[in-house]
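A.B. asks: Protein chains in written order, with UniProt numbering: chain B, 1 to 313; chain C, 1 to 129.
What the hints contain is simulated information worked out from the structure, not anything from laboratory work. Please note: incorrect hints may appear among the correct ones.
[To be verified] Pairs of lysine to aspartate or glutamate residues, derived as EDC-like cross-links and limited to a Cα-Cα distance of at most 20 Å, are as follows:
{"hint": "1", "chain 1": "B", "residue 1": "Lys275", "chain 2": "C", "residue 2": "Glu18"}
{"hint": "2", "chain 1": "C", "residue 1": "Lys57", "chain 2": "B", "residue 2": "Asp131"}
{"hint": "3", "chain 1": "C", "residue 1": "Lys22", "chain 2": "C", "residue 2": "Glu33"}
{"hint": "4", "chain 1": "B", "residue 1": "Lys144", "chain 2": "C", "residue 2": "Glu14"}
{"hint": "5", "chain 1": "B", "residue 1": "Lys275", "chain 2": "B", "residue 2": "Glu247"}
{"hint": "6", "chain 1": "C", "residue 1": "Lys22", "chain 2": "B", "residue 2": "Asp115"}
{"hint": "7", "chain 1": "B", "residue 1": "Lys271", "chain 2": "C", "residue 2": "Glu113"}
{"hint": "8", "chain 1": "B", "residue 1": "Lys136", "chain 2": "C", "residue 2": "Glu14"}
{"hint": "9", "chain 1": "C", "residue 1": "Lys22", "chain 2": "B", "residue 2": "Asp131"}
{"hint": "10", "chain 1": "B", "residue 1": "Lys136", "chain 2": "C", "residue 2": "Glu18"}
Computed from a predicted model, the values in this text were never measured in an experiment.
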Amino acid sequence: MNPEPTPDAPGPLPGDHAPPLWPHTLLAPGLAGAAVLSALAAPPLVGVGLALFAGAICIGSALTLARRVRRGERELHELDVRLLHSQKLAAIGELSSGIAHEINNPLAIITQEIDLARELFGQDACPAPEDLADIKDCLDQVGKQVARCCQITHKLLNFARKMEPVLQEEALEQVIEDMAVLVEREAAGRGVAIRRDYDQSLPPVRTDVPLLRQVILNLLTNAMHATPEGGTITLATCRQNGRAVIEVRDTGCGIPPENLPKVFDPFFTTKEPGKGTGLGLSLSHGIVARLGGNLTAQSAVGKGSVFTVSLPL
Amino acid sequence: MADPIRVLIVDDEERFRETLAKLLGRHGFVVREAGSGPAALELLGQAPCDVIVLDVKMPGMTGADALPLLRAACPEAEVLVLTGHASVDIASTMIAGGAADYLLKPCPTEELEGAIRAVYDRRQATRPR
Chain B
1 MNPEPTPDAP GPLPGDHAPP LWPHTLLAPG LAGAAVLSAL AAPPLVGVGL
51 ALFAGAICIG SALTLARRVR RGERELHELD VRLLHSQKLA AIGELSSGIA
101 HEINNPLAII TQEIDLAREL FGQDACPAPE DLADIKDCLD QVGKQVARCC
151 QITHKLLNFA RKMEPVLQEE ALEQVIEDMA VLVEREAAGR GVAIRRDYDQ
201 SLPPVRTDVP LLRQVILNLL TNAMHATPEG GTITLATCRQ NGRAVIEVRD
251 TGCGIPPENL PKVFDPFFTT KEPGKGTGLG LSLSHGIVAR LGGNLTAQSA
301 VGKGSVFTVS LPL
Chain C
1 MADPIRVLIV DDEERFRETL AKLLGRHGFV VREAGSGPAA LELLGQAPCD
51 VIVLDVKMPG MTGADALPLL RAACPEAEVL VLTGHASVDI ASTMIAGGAA
101 DYLLKPCPTE ELEGAIRAVY DRRQATRPR
């Protein structure tokens with residue numbers, strides 16, 4: 001039985017033990033040339049024989065080379081497939097380790113709450129009256145941590161779901177406004193103002209409106225959480241290089257340069273444990289890509305961040 | 001009776017710290033808690049401890065960053081790494097950095113207590129008298 005080569009231990013590369021090329025680059029042309037030269041000086045019948053011999057050598061060599069080129073192409077394709085497979089495995093590995101960590105933490109809390117509740121119940125399963133409030137608190141905490149796990153698994157299901165975009169025409173401004181009114185009240189409560197700077201000449205876009213709403217809402221809530229009292233969030237649209245561009249700008253704390261490349265990674269968060277799943281921006285990035293656009297981030301620490309969604313018009 | 005084992009829990013999960021402190025406290029340990037590496041260093045500056053239970057993934061200073069600083073701040077303490085991060089690489093980095101043992105969350109309190117006592121006893125046995 002041949003062991004299947006694994007991505008971690010790939011088989012030998014093509015060319016490692018390939019037959020030498022010199023019979024085709026030196027021997028065959030040399031022999032053919034000598035035969036042609038001899039044919040010039042030889043009697044006609046022998047000359048024809050030598051010319052046919054030269055031809056046979058050339059055809060044989062060309063066929064062998066063609067076979068080797070084809071085999072090389074096939075091996076190259078196989079390597080491509082294996083590389084893609086190993087990249088997929090690496091991505092799955094990274095994702096699994098993230099999921100494990102995010103689920104293990106609430107599980108650790110649940111484990112301890114159960115241990116504590118069991119201890120408070122005592123050996124005779126009859127807790128002291130003064131411990132009852134603590135036991136209830138343990139149970140409440142178990143419920144909270146289960147909800148936290150659910151939040152993670154539900155968001156992951158959104159990743160897995162094959163969300164085929166349903167395109168419809170809609171004014172970009174309208175999509176943004178629908179979400180802005182949702183967060184405006186909370187923003188006002190936090191002392192954060194929401195400003196609008198829409199390009200009125202922008203034509204309607206053909207996009208999946210509910211998916212785009214999800215992206216805008218995520219960007220808006222992130223901006224609100226990053227912006228301190230007295231700050232401003234600006235929602236802007238414009239046309240750039242034939243594309244419709246949405247900008248969500250905030251005057252918040254900004255993202256340190258070392259974190260900026262990681263903001264779209266699944267499970268990356270700087271929020272306190274249990275406060276953010278680290279999946280919002282990663283999901284938004286995936287949605288915008290599926291809508292044919294791209295989502296980028298710029299930031300300066302202490303000044304604020306700009307998240308830009310660029311969509312085809 | 002022997003002195004109680006002094007434990008410092010360093011973990012950014014507040015509820016995890018609180019309940020673990022409550023449980024260990026009920027079982028005779030003297031427990032302090034810190035929500036981050038810098039907070040732990042501050043506590044160690046006030047008083048030493050015997051065993052540090054250290055999380056790995058924390059915002060700002062990670063457990064791996066904090067490990068050498070904690071060991072320098074309190075050389076007599078043993079460090080027990082307790083994390084939800086299931087990675088052999090991290091475990092070996094932490095052990096190479098001087099951690100005494102590595103446990104994976106979720107871990108039953110009994111097992112964690114056993115590990116704390118084991119690293120403490122090992123330290124007592126190898127400590128120069």
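A.B. asks: Decide if the proposed pair is consistent with the structure: Lys136(B) and Glu14(C), CA atoms, cutoff 20 Å inclusive.
C.D. replies: Holds, at about 18 Å.
A.B. asks: Is the straight-line distance between the alpha-carbon of Lys271(B) and that of Glu113(C) 20 Å or less?
C.D. replies: Violated, at roughly 30 Å.
A.B. asks: If you draw a straight line from the CA of Lys275(B) to the CA of Glu247(B), is it 20 Å or shorter?
C.D. replies: 25 Å, violated
A.B. asks: Are the Cα atoms of Lys22(C) and Asp131(B) separated by 20 Å or less?
C.D. replies: Distance of about 13 Å is within 20 Å: holds.
A.B. asks: Next pair to validate is Lys144(B) with Glu14(C); report whether the Cα-Cα distance is within 20 Å.
C.D. replies: 14 Å, holds
A.B. asks: Lys136(B) and Glu18(C): Cα distance at most 20 Å?
C.D. replies: 16 Å, holds
A.B. asks: Hinted pair, alpha-carbon criterion (20 Å max): Lys57(C), Asp131(B). Please report holds or violated.
C.D. replies: 33 Å, violated
A.B. asks: Mind checking the alpha carbons of Lys22(C) and Asp115(B) for me, to see if they're no more than 20 Å apart?
C.D. replies: 11 Å, holds
A.B. asks: Would the hint linking Lys275(B) and Glu18(C) be met if the CA-CA limit is 20 Å?
C.D. replies: 18 Å, holds
A.B. asks: Within a Cα-Cα threshold of 20 Å, do Lys22(C) and Glu33(C) meet the stated pairing?
C.D. replies: Roughly 11 Å between the alpha carbons, so the hint for Lys22(C) and Glu33(C) holds.
Of the numbered hints given earlier, the model fails hints 2, 5 and 7; all others are met.
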